[in-house]
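S.K.: Here's the letter readout for the chains.
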Amino acid sequence: EAGVTQFPSHSVIEKGQTVTLRCDPISGHDNLYWYRRVMGKEIKFLLHFVKESKQDESGMPNNRFLAERTGGTYSTLKVQPAELEDSGVYFCASSQAGGGYGYTFGSGTRLTVV
Amino acid sequence: TQLLEQSPQFLSIQEGENLTVYCNSSSVFSSLQWYRQEPGEGPVLLVTVVTGGEVKKLKRLTFQFGDARKDSSLHITAAQPGDTGLYLCAPVGGSNYKLTFGKGTLLTVNP
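Chains A and B, in that order, are what the protein sequence lines are. All the letters of the first sequence, read from the start, carry residue numbers 664 to 777 under this note's numbering. All the letters of the second sequence, read from the start, carry residue numbers 10 to 120 under this note's numbering.
Some hints here could point you the wrong way.
Capping the alpha-carbon separation at 20 Å, the derived lysine to aspartate or glutamate pairs in EDC-like fashion look like this [unchecked claim]:
hint: 1; chain 1: B; residue 1: K65; chain 2: B; residue 2: E50
hint: 2; chain 1: B; residue 1: K66; chain 2: B; residue 2: E50
hint: 3; chain 1: A; residue 1: K678; chain 2: A; residue 2: D693
hint: 4; chain 1: A; residue 1: K707; chain 2: B; residue 2: E47
hint: 5; chain 1: B; residue 1: K79; chain 2: A; residue 2: E748
hint: 6; chain 1: A; residue 1: K704; chain 2: B; residue 2: E47
hint: 7; chain 1: A; residue 1: K707; chain 2: B; residue 2: E14
hint: 8; chain 1: A; residue 1: K704; chain 2: B; residue 2: E14
hint: 9; chain 1: A; residue 1: K704; chain 2: B; residue 2: E50
hint: 10; chain 1: A; residue 1: K707; chain 2: A; residue 2: E677
hint: 11; chain 1: A; residue 1: K707; chain 2: B; residue 2: E50
hint: 12; chain 1: B; residue 1: K79; chain 2: A; residue 2: E705
hint: 13; chain 1: B; residue 1: K112; chain 2: A; residue 2: E731
Label-pair ranges, simulated between beta-carbon atoms [claimed, not checked]:
hint: 14; chain 1: A; residue 1: S750; chain 2: B; residue 2: Q23; range: 30 to 40 Å
hint: 15; chain 1: A; residue 1: P724; chain 2: B; residue 2: E14; range: 19 to 29 Å
hint: 16; chain 1: B; residue 1: Y31; chain 2: A; residue 2: T668; range: 40 to 50 Å
hint: 17; chain 1: A; residue 1: Q759; chain 2: B; residue 2: T60; range: 21 to 31 Å
hint: 18; chain 1: A; residue 1: K678; chain 2: B; residue 2: K68; range: 38 to 48 Å
hint: 19; chain 1: A; residue 1: T683; chain 2: B; residue 2: V53; range: 20 to 30 Å
hint: 20; chain 1: B; residue 1: K68; chain 2: A; residue 2: S716; range: 20 to 30 Å
hint: 21; chain 1: A; residue 1: A760; chain 2: B; residue 2: P48; range: 45 to 55 Å
hint: 22; chain 1: A; residue 1: K741; chain 2: B; residue 2: S16; range: 32 to 42 Å
hint: 23; chain 1: B; residue 1: G49; chain 2: A; residue 2: K717; range: 25 to 35 Å
hint: 24; chain 1: A; residue 1: P724; chain 2: B; residue 2: T117; range: 29 to 39 Å
If you're looking for bench data, these hints aren't it; they were derived computationally from the structure. Model, not experiment: these values are computed from the prediction. From the three backbone atoms N, C-alpha and C, an ideal C-beta is built for every residue, glycine too.
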């Protein structure tokens with residue numbers, strides 16, 4: 664089966680611009696998660712979808728971040744306007760029935776805000 | 010707030026050596042997952058441990074979950090260059106199974 668796909672793999676944008684990251688989970692996986700690693704820090708949870716519904720967005724840094732999951736399929740994470748501290752690697756992961764027995768992660772999107 | 014510590018932070022060894030890396034917390038885990046991450050890739054699941062005292066083996070990798078479910082270890086026997094990577098432990102928490110990652114142990118196995 665195809666894995667979790669993230670696009671783009673890299674993005675360099677200027678402070679104040681908008682960027683949209685996309686994640687295509689494994690087909691049939693209802694649970695989709697976004698995580699982020701900023702330089703020198705641990706990977707941290709951002710939010711969790713079950714199908715198209717947000718179950719937990721407690722990790723979203725602020726209201727400049729907006730995540731959507733259209734029709735319960737792919738998900739987008741938009742950062743508007745981007746700030747320097749938003750730089751990092753954004754990972755998407757999916758699981759079939761909760762993540763209790765493991766997730767499949769995508770390769771990540773490396774975002775650099777200059 | 011759960012404190013999660015992985016040690017050592019860096020480890021460089023020669024091919025054929027054995028090693029153990031540790032994951033410790035101030036909290037009790039319901040379950041814990043170990044992942045390995047290579048440069049430019051996302052974490053890849055190695056194992057999930059659920060029961061206190063549980064031991065799981067994956068070829069040359071042995072995972073142990075502490076009796077009190079507050080710590081875990083990963084032992085690699087006869088390490089190979091292909092074992093090089095960042096080893097991450099991640100307790101699973103909450104009804105949505107979100108992960109809390111440690112900073113990881115960066116392992117380099119030299120040929």
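S.K.: Each of the hints needs a verdict: does it hold here or not?
M.R.: These are the hints, each one checked on the structure:
1. K65(B) - E50(B): Violated, because 25 Å separates the two Cα atoms, which is more than 20 Å.
2. K66(B) - E50(B): Violated - the C-alpha atoms of E50(B) and K66(B) are around 24 Å apart, more than 20 Å.
3. K678(A) - D693(A): With Cα atoms ~34 Å apart, K678(A) and D693(A) exceed 20 Å; violated.
4. K707(A) - E47(B): Holds: K707(A) and E47(B) sit about 18 Å apart, inside 20 Å.
5. K79(B) - E748(A): Given pair K79(B), E748(A) is violated - Cα atoms ~32 Å apart, limit 20 Å.
6. K704(A) - E47(B): Holds, at roughly 16 Å.
7. K707(A) - E14(B): Cα-Cα ~15 Å, so holds.
8. K704(A) - E14(B): holds, 13 Å
9. K704(A) - E50(B): holds, 17 Å
10. K707(A) - E677(A): Violated, at roughly 24 Å.
11. K707(A) - E50(B): Status holds; Cα separation ~16 Å.
12. K79(B) - E705(A): holds, 19 Å
13. K112(B) - E731(A): Not satisfied, since the Cα-Cα distance of roughly 28 Å exceeds 20 Å.
14. S750(A) - Q23(B): 30 to 40 Å: holds, 36 Å
15. P724(A) - E14(B): 19 to 29 Å: holds, 24 Å
16. Y31(B) - T668(A): 40 to 50 Å: Violated: the Cβ-Cβ distance is about 34 Å, outside 40 to 50 Å.
17. Q759(A) - T60(B): 21 to 31 Å: At 22 Å between Cβs, range holds.
18. K678(A) - K68(B): 38 to 48 Å: With Cβ atoms ~47 Å apart, the hint holds.
19. T683(A) - V53(B): 20 to 30 Å: holds, 26 Å
20. K68(B) - S716(A): 20 to 30 Å: Distance hint for K68(B), S716(A) is violated at roughly 39 Å.
21. A760(A) - P48(B): 45 to 55 Å: With Cβ atoms ~31 Å apart, the hint is violated.
22. K741(A) - S16(B): 32 to 42 Å: holds, 38 Å
23. G49(B) - K717(A): 25 to 35 Å: holds, 29 Å
24. P724(A) - T117(B): 29 to 39 Å: Given a distance of about 32 Å, which is inside 29 to 39 Å, the answer is holds.
Comparing the model with each numbered hint stated earlier shows that hints 1, 2, 3, 5, 10, 13, 16, 20, 21 do not hold.
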